[in-house]
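Asks: For the record, the sequence lines run as chains A and B.
My numbering applies: residue 25 is where the first sequence begins, and numbers increase by one.
My numbering applies: residue 25 is where the second sequence begins, and numbers increase by one.
What the hints contain is simulated information worked out from the structure, not anything from laboratory work.
Mixed in with the good hints, there may be bad ones.
Said to hold, decoys possible - Some chain A residues near chain B, calculated using beta-carbon distances under 10 Å:
| id | residue |
| --- | --- |
| 1 | LEU51 |
| 2 | TYR52 |
| 3 | ASP151 |
| 4 | ASN169 |
| 5 | LYS171 |
| 6 | GLY175 |
| 7 | MET177 |
| 8 | GLY178 |
| 9 | ILE183 |
| 10 | GLY184 |
| 11 | VAL188 |
| 12 | CYS197 |
| 13 | LEU280 |
| 14 | VAL281 |
| 15 | ALA311 |
Stated by the list, open to error - Distance ranges between label pairs, derived from CB positions:
| id | chain 1 | residue 1 | chain 2 | residue 2 | range |
| --- | --- | --- | --- | --- | --- |
| 16 | B | THR99 | A | LYS37 | 46 to 56 Å |
| 17 | B | PRO115 | A | ARG56 | 54 to 64 Å |
| 18 | A | VAL82 | B | PRO321 | 55 to 65 Å |
Idealized CB from N, CA, C, for every residue including glycine.
There are 2 protein chains.
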Amino acid sequence: MRLILALDFGGTKLAAGVVNAGSREWLYYERRLSPANADASTDLKIMRSLIHSLLQDVTPAAIGVSFGGPVDATTGTVRLSHHVPGWENIPLKNLLEEEFGVLTSVDNDANVAALGEQQFGAGQGYDSLFYMTISTGVGGGWILNGKPWRGAMGMAGEIGHMVVDPTGPICLCGKRGCVERLASGPYMAQNAREILTNPQAILSGELLKNLVGNNLNLLTGQLISEAAAKGDDVATTVLQKSAWALGLGIGNVANLVNPKLFILGGSVTKAGKSWWDTLQKTAKETALPEVTFEILPAALGDDAPLWGAVALVEEIGRWE
Amino acid sequence: MRLILALDFGGTKLAAGVVNAGSREWLYYERRLSPANADASTDLKIMRSLIHSLLQDVTPAAIGVSFGGPVDATTGTVRLSHHVPGWENIPLKNLLEEEFGVLTSVDNDANVAALGEQQFGAGQGYDSLFYMTISTGVGGGWILNGKPWRGAMGMAGEIGHMVVDPTGPICLCGKRGCVERLASGPYMAQNAREILTNPQAILSGELLKNLVGNNLNLLTGQLISEAAAKGDDVATTVLQKSAWALGLGIGNVANLVNPKLFILGGSVTKAGKSWWDTLQKTAKETALPEVTFEILPAALGDDAPLWGAVALVEEIGRWE
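Bound conformation, chain A alone (with noise of 0.2 Å):
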């Protein structure tokens, strides 16, 4: 019986579980948040004392790691985190690998959830698709040929900020109108609160003022989506222009790499019917005639990035 190591360092949060080889069921399974003022040492810590409490004294056969941030998955080593600090350049494998003797491997969590789709999520028995990850950014992870396509310096997938709408709002990137600007929680929130505060906007946003009690620091992208599905004004501009930039976005993907199936997950695909309509439709008209996909939401929710480093062990498949 071997047992795999299953990692997912998320930003916010911290998760591990064990499973045997081939099984789909966790043996064991603990999840943490990250503390507001965590860095990578306190993130490492408290990793370490989830793993002691699943493991205890046994040795597991490998180790799979998604980590939420740009990683140079042929060495392991994590780039950065976006989120917390004291991240940059850890050799997240090799500090693993000593640590616990196993073979271990370490990748993105945009990739990690692509393969993890592929193997036991919406993407079986499909050979090349792009897995999309819309929440507080817009990430991505490619499947071609079968197996992960990571870029020449493992930064492929990074459709968040490809240019849609280059007259369009500024992103934190320094470009205008990139698919995150657009798209993603926040920035729908931030542009609500843009439109709500513009004394010339002719849209009034009644309903969404209400659901924060007039405090426009409290938008989330989830509030705008259930403004939208009762009809508020603003809500609705706001989702429909994060549709038609993913739309877009994927239209031009499909064009670009041709993929039999795009895969959609994240807080903001729980945005309802009209988000997705508009969202395929715009797709479906951005990509040429010949040029045909599927887009399905993803299947494994807040676990795929744990399957998925389930799956990057069993691809290597060198420890066996």
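We have chain A already, so just place chain B on it with the hints.
Replies: For chain B alone, kept in the frame of chain A given last:
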């Protein structure tokens, strides 16, 4: 001694070459213009006569074919030609295999040229690259993990119809602001004509008008490059927009797939230093800071499809 026969059905021209396997010099080579009223059967007839003139009574070991239009590379069936009627669903691979009795491999010109540049041209030593041709149209082909990536339906590489300016002019494909709509030679000519015939335009375009003796129907992408090099204001505006659209497209592709190298071929790439400078600058600004790449001019020129057809046969290698 094994002979490879390479064929190029180019839309406006037909070419055939014969080479010893492993050699980089043509034993025989012929090229013809396709007649103005050509259809698939006249093209095939001309190509047959080229082949018989080259080969005499010798049988090649294998045939590689570059076709100027969408091809199902798995079956070697042409989907259609955008330039020559009658090519719909022609099983070109089967036709040639029956006629010559040897293994034949068929793919579209952009994929074939990408492979040619990687094997014999500017992409030697790179295992990931995106080849783009910018002339009457804008197309592209992928090399990933050292091999062609053709997409789930063989449609990968269509950067020409990536939307980069959703409020821009309408493209033949029905969308607004596609890369091809802004960057190709004929569309640059059209954009210049529109400025020159707009009574409200502030730009004069004197030099450009003189170049065509005020007959705006004679405008071409090449004349726009020439006029821009001499400082014409309309030509400069149009050419800069072309470079900007391509640069934005390349930056988006870099973020999304992260290839090591971009290779640019086609007549528009001869537009001069300021076109290249704007393109390089826009591409670098559009890519994330962590996403680095090179952009190089194609090395094989007009023979890229023929050399690519040789590489196509050598890639498959089953004929050995």
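Asks: The structure should be examined with respect to each hint, and the outcome stated for every one.
Replies: Comparing the hints with the structure gives:
A least Cβ separation of about 35 Å between LEU51(A) and chain B goes past the 10 Å threshold, and the interface hint is therefore violated. At a threshold of 10 Å, the smallest CB-CB gap from TYR52(A) to chain B is about 36 Å, leaving the interface hint violated. Taking 10 Å as the C-beta cut-off, the interface hint given for ASP151(A) holds, the closest approach to chain B being about 8 Å. A least Cβ separation of about 7 Å between ASN169(A) and chain B falls short of the 10 Å threshold, and the interface hint therefore holds.
The restraint placing LYS171(A) at the interface with chain B holds, with a minimum CB-CB distance near 8 Å, inside the 10 Å limit. Taking 10 Å as the C-beta cut-off, the interface hint given for GLY175(A) holds, the closest approach to chain B being about 3 Å. Interface restraint check for MET177(A): the shortest CB-CB distance to chain B comes to about 6 Å, inside 10 Å, so the restraint holds. Taking 10 Å as the C-beta contact cut-off toward chain B, the hint placing GLY178(A) at the interface holds, the least distance being around 8 Å.
Hint status for ILE183(A) relative to chain B: holds, with the closest Cβ pair at about 6 Å, below 10 Å. Restraint check, GLY184(A) versus chain B: the minimum CB separation of about 8 Å is within 10 Å; hint holds. At about 7 Å, the closest approach between the beta carbon of VAL188(A) and any beta carbon in chain B falls short of 10 Å, and the interface hint on this residue holds. Restraint check, CYS197(A) versus chain B: the minimum CB separation of about 6 Å is within 10 Å; hint holds.
Of the supplied interface hints, the one on LEU280(A) holds, with its beta-carbon coming within about 6 Å of a beta-carbon of chain B, less than 10 Å. Look at VAL281(A): its Cβ gets to within about 5 Å of chain B, closer than 10 Å, so that hint holds up. Hint status for ALA311(A): holds, given a least beta-carbon distance of 8 Å to chain B, under 10 Å. Evaluation of the 46 to 56 Å hint for THR99(B) and LYS37(A) yields a pass: the beta carbon distance comes to about 48 Å.
About 60 Å separates the C-beta atoms of PRO115(B) and ARG56(A), a value consistent with the hinted range of 54 to 64 Å. Look at VAL82(A) against PRO321(B): about 58 Å separates their beta carbons, and that is inside 55 to 65 Å.
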